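When you line the sequence shown up against our numbering, it's residues 24 to 495, in that order.
Calculated directly from the structure, the hints in this document are not laboratory data.
If you're wondering where the values come from, they're calculated on a predicted model, not measured in any experiment.
One or more of the hints may lead you astray.
In silico DSBU-like links for lysine-lysine, alpha-carbon gap of 35 angstroms or less [as the list claims (entries may be wrong)]: (1) K360 / K484; (2) K484 / K437; (3) K360 / K437.
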Amino acid sequence: MRKGILTFIFLIYGINVLGVNISTNGYGESIILPFYTVNNNLNTLITVNNSTDDVKALKLHFREGKEGKAVLSFNLYLAPQDIWTAGIVPTISTIPGHSGEASALFISVDTSCTPFLNPAGQQFLPYEIEAESDDTDLERSREGFIEIIEMGVVDINSELGQAATIPIGAGSPSNCAALDTAFSSGDWSGDGSQLHNAHIQHPSGGLSAEAVLIDVAEGVLFTVEGVAFEHFYPEESIYHTQPGETRVPSLAEADTVSLILHNGEMISSEWQNGYESISALLNKHQLETFYDLEPIVTGKTEVVLSFPTKRFYHDEVAPFGLVDPANNQAGCVTFEKVSYDRNSESSCDDIWGICFAKQQKLTPPPPPPNYQLCNNIHTFQHVELSAESNEQPTSILGSRFFDYRDVRSFNSGKLHLSFLQQSTSENQHVYTGLPVISMSFQKYTNAGAAEGLLAQYGGSKPAHFHRSISTD
Numbered sequence: 024m025r026k027g028i029l030t031f032i033f034l035i036y037g038i039n040v041l042g043v044n045i046s047t048n049g050y051g052e053s054i055i056l057p058f059y060t061v062n063n064n065l066n067t068l069i070t071v072n073n074s075t076d077d078v079k080a081l082k083l084h085f086r087e088g089k090e091g092k093a094v095l096s097f098n099l100y101l102a103p104q105d106i107w108t109a110g111i112v113p114t115i116s117t118i119p120g121h122s123g124e125a126s127a128l129f130i131s132v133d134t135s136c137t138p139f140l141n142p143a144g145q146q147f148l149p150y151e152i153e154a155e156s157d158d159t160d161l162e163r164s165r166e167g168f169i170e171i172i173e174m175g176v177v178d179i180n181s182e183l184g185q186a187a188t189i190p191i192g193a194g195s196p197s198n199c200a201a202l203d204t205a206f207s208s209g210d211w212s213g214d215g216s217q218l219h220n221a222h223i224q225h226p227s228g229g230l231s232a233e234a235v236l237i238d239v240a241e242g243v244l245f246t247v248e249g250v251a252f253e254h255f256y257p258e259e260s261i262y263h264t265q266p267g268e269t270r271v272p273s274l275a276e277a278d279t280v281s282l283i284l285h286n287g288e289m290i291s292s293e294w295q296n297g298y299e300s301i302s303a304l305l306n307k308h309q310l311e312t313f314y315d316l317e318p319i320v321t322g323k324t325e326v327v328l329s330f331p332t333k334r335f336y337h338d339e340v341a342p343f344g345l346v347d348p349a350n351n352q353a354g355c356v357t358f359e360k361v362s363y364d365r366n367s368e369s370s371c372d373d374i375w376g377i378c379f380a381k382q383q384k385l386t387p388p389p390p391p392p393n394y395q396l397c398n399n400i401h402t403f404q405h406v407e408l409s410a411e412s413n414e415q416p417t418s419i420l421g422s423r424f425f426d427y428r429d430v431r432s433f434n435s436g437k438l439h440l441s442f443l444q445q446s447t448s449e450n451q452h453v454y455t456g457l458p459v460i461s462m463s464f465q466k467y468t469n470a471g472a473a474e475g476l477l478a479q480y481g482g483s484k485p486a487h488f489h490r491s492i493s494t495d
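Go ahead and model the full structure; you've got the sequences and the hints to work with.
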């Protein structure tokens, strides 16, 4: 299914529909779920929906929040009109070399085919972290983001297509074991890095997904919306790989042309790499979120910044071109922050210790200890002027990758974040900003609620944003 509002606009304008774009209706061939966590008694529930009459072959990558290393990758085969659900819960690792470390556990009671995966409980794995990182503690896997990428359509008339199909009234696929056999000794067997495209047709899209963060004990739920991409691959592309393959397909396989409607103009930008196209589509110059710290309801607000393509820029590559001298960590960026109360009074920071000039009567505290954006996931916790910044995880999400953003004496208002980095396409389009997906989380406690009534409330929503693209 390759349809949507942008496709209609392209046809009206006479534009050849070639290139990856963000779906306007939530369906696509590739989806990013920008945040998961199992910290602070939260569990993450995941739903993937196949809205087509095709048998889908999907790759799922669960990537940890520090450097985007894959901690779990597997294949998922969805029957026509199938919905798949799963969860991520906290656990203590028993993996050799990591025994006793805080980690995460994948679980599912869904019967859709996931070859070689133990749905009853698969711990997150340390192998990419061990191979490429100094910090190998699996605690970093307890928050991150998820990539869902269509590898292709399984020919429904083939034996394997029939094996993944759910017969009417059956409730489960015909023969998931046949898919296991295909990879171990059949048509899909071979080296893990090879493509196994027998009986696989081109992707057709029509996928959607979302995640829900839930604290069962406190009765609080937060929704995380997926970002879907249409026309993800170049024409005639099929990337069907072994279930344990963590490298292909990924966001790097995206089309090297990005299409975006900006200020009424259709912009087609050409890039050297596929992940740069995805970065262009996710690029934001400014973010705006709202916060509430009102004491009467014990208001709390946290803002998550998710950088799904940042792992491709870790070697001081623009726009992530700085090094954090304190931790010797590459791929860092600076940003600017302005906070407003409800009466439009403001305070501003140029973060990274460059300036802390304020309007008169606003006296800033020293800069917080963690003021660099160096991770793939970064969480801001809003605190009042009198609050003490410390190294404890954030109070809503329990994030390990955080810093405290004081809002001076403002109990409620809005926060502006500005990114001034620039990326230039092959056809000289200049994108100012960073490839980020942002959302805010708010939590309230009603201490005056009558006994037996729910006293905890929570909500989440995507951040508002501005783009800056120059085609001159």
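Hint check:
At roughly 20 angstroms between alpha-carbon atoms, K360 and K484 fall within 35 angstroms of each other, so this suggested pair holds. Straight-line distance between C-alpha atoms of K484 and K437 comes to about 14 angstroms, which keeps the hinted pair within the 35 angstroms bound. For the given pair, K360 sits about 11 angstroms from K437 by alpha-carbon distance, which is consistent with the 35 angstroms threshold.
This entry satisfies every hint, going by the numbered hints stated previously.
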